[in-house]
Amino acid sequence: MSQTVNALEVKASPASNQTGYRSFELGSFAFSRDEYFAKVTWHVGGQKLSHVMSADAFLRAMMRDVAWGFFYGWVNFDPVIGTRNLYGKVELYAGAYHPAYKEKGLDLTETFDSREIMATFKAILDDWTNEGFDPFAAPDETDTTWVGKKNGNNRLAIERQRQACKRMPGLAGDAELRTDKNGYPVNRAFADVSQEEPEVHAEPGFEDEVHAFSLFAYLSRSDVTWNPSVSSVLERSLCCPTTEEYILPIKHGNDRVEWFIQLSDQIEWEIEDKQTGAPRAKVIMKAGDVAAMPADIRHQGYSKKRSMLLVWENATPGLPELYESGKLKPNPVEF
Amino acid sequence: MALEAVKSGEGVLLLVPGNREVGGIMMTTKFETTFGSLGDFSKGELEIINDDPKNYVFSNIFDVASRSRPYEKVVVAINLGYVFETLRAEGTSTWFAAAHDEFAIVMDGVVAVDLVKLDAPDAVVPPGQRGAIAVEGTPVGRKMGYVKCKRGHQVLLPKGAAYRFRADKPGVILLQTVDGALSVHKWADICYK
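Chains A and B, in that order, give the protein sequences.
With our numbering, you'll find the first sequence wraps up at 336, consecutive numbering, no jumps.
With our numbering, you'll find the second sequence wraps up at 341, consecutive numbering, no jumps.
Derived by calculation from the structure, the hints in this document are not laboratory data.
Take the hints with a grain of salt, since some may be wrong.
[As the list claims (entries may be wrong)] Straight-line alpha carbon distances no greater than 16 Å define the calculated EDC-like cross-link-like pairs of lysine to aspartate or glutamate that follow:
# : chain 1 : residue 1 : chain 2 : residue 2
1 : B       : K341      : A       : E335
2 : B       : K291      : A       : E204
3 : A       : K287      : B       : D199
4 : A       : K123      : A       : E204
5 : A       : K283      : B       : E180
6 : A       : K150      : A       : D114
7 : B       : K296      : A       : D297
8 : A       : K306      : B       : E180
9 : A       : K90       : A       : D128
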């Protein structure tokens with residue numbers, strides 16, 4: 002039941018005679034899908050447990066986990082399934098942050114080398130994503146071909162690289178700006194966003210140092226939802242703007258404080274306790290609003306119209322340990 | 149509000165507001181992107197279920213700038229020394245310089261940014277200095293040029309350069325920088341409590 006993917010062993014079954022999809026195994030976890038659903042199965046204390054998600058929701062969640070390299074902290078596919086990034090290693094869990102499973106000892110967490118779990122997740126995405134379905138797109142933009150038996154693939158969509166600059170997009174040797182020519186037309190929801198670029202008047206000799214671009218035009222050309230790029234880097238301070246439409250496919254559990262600055266339109270955030278999922282607050286952000294996401298919460302956003310959000314991250318190494326140990330408080334400001 | 153009767157299933161009549169939008173936002177092909185400005189912003193909300201509203205340090209940059217002095221560097225987000233500041237752009241600022249890059253995003257108005265390459269940057273801003281400092285008088289160095297920014301434009305304020313802002317009319321700048329001597333913290337005045 003195995004095949005080699007990128008020199009890493011991925012345990013995969015032959016394609017199903019009924020659906021055409023492969024099933025996969027990773028540690029004690031098994032993954033399978035049918036026409037509508039993705040199923041994750043695990044065993045605890047001799048008991049078999051399974052959890053089912055709609056296949057599109059599962060693929061959207063897994064797509065973010067892969068694209069973000071397991072991100073900062075917890076990527077909850079839903080209240081039961083998810084991953085925790087240990088930076089070099091990744092925990093895969095079922096029920097570990099769900100009070101009912103936890104209380105009954107029916108949760109399972111296993112730790113994998115990041116490359117191993119990444120290879121398996123990529124293989125699942127590759128096999129289960131049908132032609133025409135783009136897990137990065139808003140539902141209004143993509144086909145419903147995720148429903149049904151296996152039908153081709155969409156590697157162009159799922160193998161997109163996250164756009165991360167080293168200092169600022171458009172500088173010599175840095176990330177490219179987005180244009181029609183390089184495959185980034187203005188998104189339908191941002192057709193009214195000005196494409197005018199700033200006037201740059203550089204004196205001779207300073208053409209490479211005097212630099213500006215339209216961040217809003219850049220964002221209007223994003224071809225993905227809920228997938229931050231990096232638009233400025235100040236040491237460990239990273240601006241990660243993104244465009245959001247419909248529902249964040251995962252519940253992100255913070256292992257550090259992050260901040261949101263709403264650049265346009267509106268997002269409603271449901272905030273839950275990171276460990277239990279108990280509701281804590283709803284944060285409704287409009288253009289110009291700034292809000293912290295504390296280090297002890299998980300959050301999921303809802304954006305009825307495609308919006309621009311600046312996610313601000315601190316990439317200082319060792320932060321998870323400082324918050325976990327209590328040396329840093331989960332909330333960033335006392336007042 | 150004028151109401152009109154709409155026939156629903158099972159003989160039920162729904163009373164709905166007149167002048168109804170034909171279709172919802174998602175059902176139309178025309179989208180309207182909403183940005184904020186000094187003259188037109190709407191602050192969002194916190195619905196607390198079991199939490200302290202202060203944990204979210206919730207403010208609005210246009211609200212902050214509407215109550216700020218010109219070029220007052222009001223911190224609206226902080227993460228272990230790194231900050232975002234909101235500046236009300238109005239008139240010509242003093243010259244600033246920092247020992248690290250900074251990035252300004254114009255969120256409202258038209259703002260010009262003048263840049264000067266400092267002849268002796270370490271003498272103006274000691275290496276290791278965190279955040280921007282005000283440069284006394286006119287900075288000594290070569291003119292690098294200027295950038296004229298409108299809403300949504302981001303400009304690099306490079307290490308080793310002095311810069312100043314010019315705005316004929318009030319505008320708003322969002323500045324990615326480091327907490328420094330000029331940074332103003334007034335969380336209780338700007339955040340939901």
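Status of each hint after checking the structure:
1. B:K341 - A:E335: Since the Cα atoms of B:K341 and A:E335 sit roughly 11 Å apart, the hinted pair holds (cutoff 16 Å).
2. B:K291 - A:E204: Satisfied, since the Cα-Cα distance of roughly 7 Å is no more than 16 Å.
3. A:K287 - B:D199: violated, 21 Å
4. A:K123 - A:E204: Violated, because 48 Å separates the two Cα atoms, which is more than 16 Å.
5. A:K283 - B:E180: Measuring from Cα to Cα gives roughly 25 Å; hence the hint is violated.
6. A:K150 - A:D114: violated, 32 Å
7. B:K296 - A:D297: With Cα atoms ~41 Å apart, B:K296 and A:D297 exceed 16 Å; violated.
8. A:K306 - B:E180: Holds: A:K306 and B:E180 sit about 9 Å apart, inside 16 Å.
9. A:K90 - A:D128: Between A:K90 and A:D128 the Cα gap is close to 24 Å, so the pair fails against 16 Å, i.e. violated.
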